[in-house]
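Novice: With the sequences and hints as input, model every part of the structure.
Going down the list, the protein sequences come from chains A and B.
Mapping the first sequence onto the working numbering, position 10 (from 1) lands on 10, and the numbers just tick up by one.
Here the working numbering = 1-based position in the second sequence + 1000.
Among the hints, a few may not be true.
What the simulated footprint calls covered on chain A by chain B, stretch by stretch (three residues with Cβ under 8 angstroms from a Cβ of chain B suffice, anywhere in the stretch; the number is not a length) [unchecked claim]:
id	stretch
1	28–39
2	66–78
3	140–151
Just the calculated beta-carbon pair ranges, DEER-fashion [stated by the list, open to error]:
id	chain 1	residue 1	chain 2	residue 2	range
4	B	1016	A	29	40 to 48 angstroms
5	B	1061	A	99	26 to 34 angstroms
6	B	1166	A	77	42 to 50 angstroms
7	B	1021	A	56	45 to 53 angstroms
8	A	99	B	1022	28 to 36 angstroms
9	B	1061	A	75	25 to 33 angstroms
10	A	29	B	1021	56 to 64 angstroms
11	B	1150	A	99	51 to 59 angstroms
12	B	1184	A	55	48 to 56 angstroms
13	A	131	B	1057	14 to 22 angstroms
14	B	1166	A	71	45 to 53 angstroms
In short, the hints are calculated from the structure, not lab data.
Where a beta carbon is used, it is the ideal one built from N, C-alpha and C, also for glycine.
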Amino acid sequence: MHEPSVGALTVNRTPAVDDAADVALAQSGDGHAFERLYRGHVARVHSLARRMAGPDEADELTQDTFVRVWEKLGTFRGEAAFGTWLHRLAVNLILSRRSRMGRDRQRFDDADGALDLRPTAPARPELAIDFETAIARLPEGAKHVFVLHDVEGYRHDEIAGQMGIAVGTSKAQLHRARMLLRGHLEPKAKERGRR
Amino acid sequence: MTPDQWTARLSEYLDGELDGAERQALDAHLDKCADCRDTLAELKRVTLRATALSDREPAADLWPGIAARIGLPAATAARVSRLAPRRWSFTLPQLAAAALLLAAVGAGGFWALQQSLTPTPVARTQPETAPPEGLARLASRRDEVDDVYDRAVADLERVLAENRSRLDTATVRVLEESLRTIDRALARARTALAQDPSDSYLNAHLAETMRRKLDLLRRAAALATASS
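Specialist: What follows is the structure, encoded as structure tokens:
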């Protein structure tokens, strides 16, 4: 029976529960189920790839991630949510690809001044460059730590493990990123920093 | 500690990563340093902006390329993109029933997976009167799944029956015919599985058919609710 005091609720389908069925089907070779998983998660994976590696590489990294997921689906045992497992796989793939391309080491030690985060437009908030663009202009190491910690919610020990750096380095890079972005978000802050 | 050294600790302060003594010392510094208070507020704004970022789909559909690389037909893309938006309107009883049903389907899929991994020659060499322990355990699990599934479907069907008058006659006719078709498919799959419980194709087919029934009931319930 309906409960009269409870009206209709508009809810999102619960992704984790939906995923469980589709993962099981995909593990048994169901391509439709895997496509549903792809469509449910592609925005997050693509956004992660775009922020970590840039728009030029985001499509390829996203495709590579889902191909890798398909190949490794048999190893997924459900200890974590599928989305969590998929996301970690994506992070590892993106980081290993970037590392192999030799860009991390080259840019990790860039001085803050090497990248100009000052808005190109007059220092008025409504004319400031997009926050995503500001993130993209961060030095590589600081950008990766910022995206993983502040956007994706990873802890420093997890980031350190995935990036092969010390926890202290992760914290320092995060602070560096935030300080650079704060200068972009709030022009007054940068002016004060120069006084 | 110099002002720069205090500033360098503000992110850790913001993230709650300083120990008690360090935090107390920085609290004391913040009480008297307006610049650090301003910087702290700005860093907080940055973190809030970061958590508020929204994800975006890629500009182009990447599925065809992925499907080609893993050996799947890309033609499924159009079918999936025509599905209804992933938002549904439910009353609480409907929500509870849907959750149970989804759990059942999930377990059905798990059953299908387990069955696909069960070495069938071993199962088939056992006497029928003494099934292997693993198979018996899975059969018991299957009974539990069926029980939950049947109760959940009954709940959702009852909710639908209560709202049936809100649907037009043609819709009800199509709905009933579709449900009968799915029920026949379910019955055939279960009959076949009774003969060969370890058949991975039949198990996957059963799980998919259960999902189809879920989708149909869910869409019908949403439609009826939306018509109220």
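Novice: If a hint holds in the structure, say so; if it doesn't, say that too.
Specialist: Each hint tested on the structure:
| no. | hint | in the structure |
| --- | --- | --- |
| 1 | 28–39 | holds (count 10) |
| 2 | 66–78 | holds (count 4) |
| 3 | 140–151 | holds (count 3) |
| 4 | 1016(B) - 29(A): 40 to 48 angstroms | holds, 46 angstroms |
| 5 | 1061(B) - 99(A): 26 to 34 angstroms | holds, 29 angstroms |
| 6 | 1166(B) - 77(A): 42 to 50 angstroms | holds, 44 angstroms |
| 7 | 1021(B) - 56(A): 45 to 53 angstroms | holds, 47 angstroms |
| 8 | 99(A) - 1022(B): 28 to 36 angstroms | holds, 33 angstroms |
| 9 | 1061(B) - 75(A): 25 to 33 angstroms | holds, 27 angstroms |
| 10 | 29(A) - 1021(B): 56 to 64 angstroms | holds, 58 angstroms |
| 11 | 1150(B) - 99(A): 51 to 59 angstroms | holds, 52 angstroms |
| 12 | 1184(B) - 55(A): 48 to 56 angstroms | holds, 50 angstroms |
| 13 | 131(A) - 1057(B): 14 to 22 angstroms | holds, 19 angstroms |
| 14 | 1166(B) - 71(A): 45 to 53 angstroms | holds, 47 angstroms |
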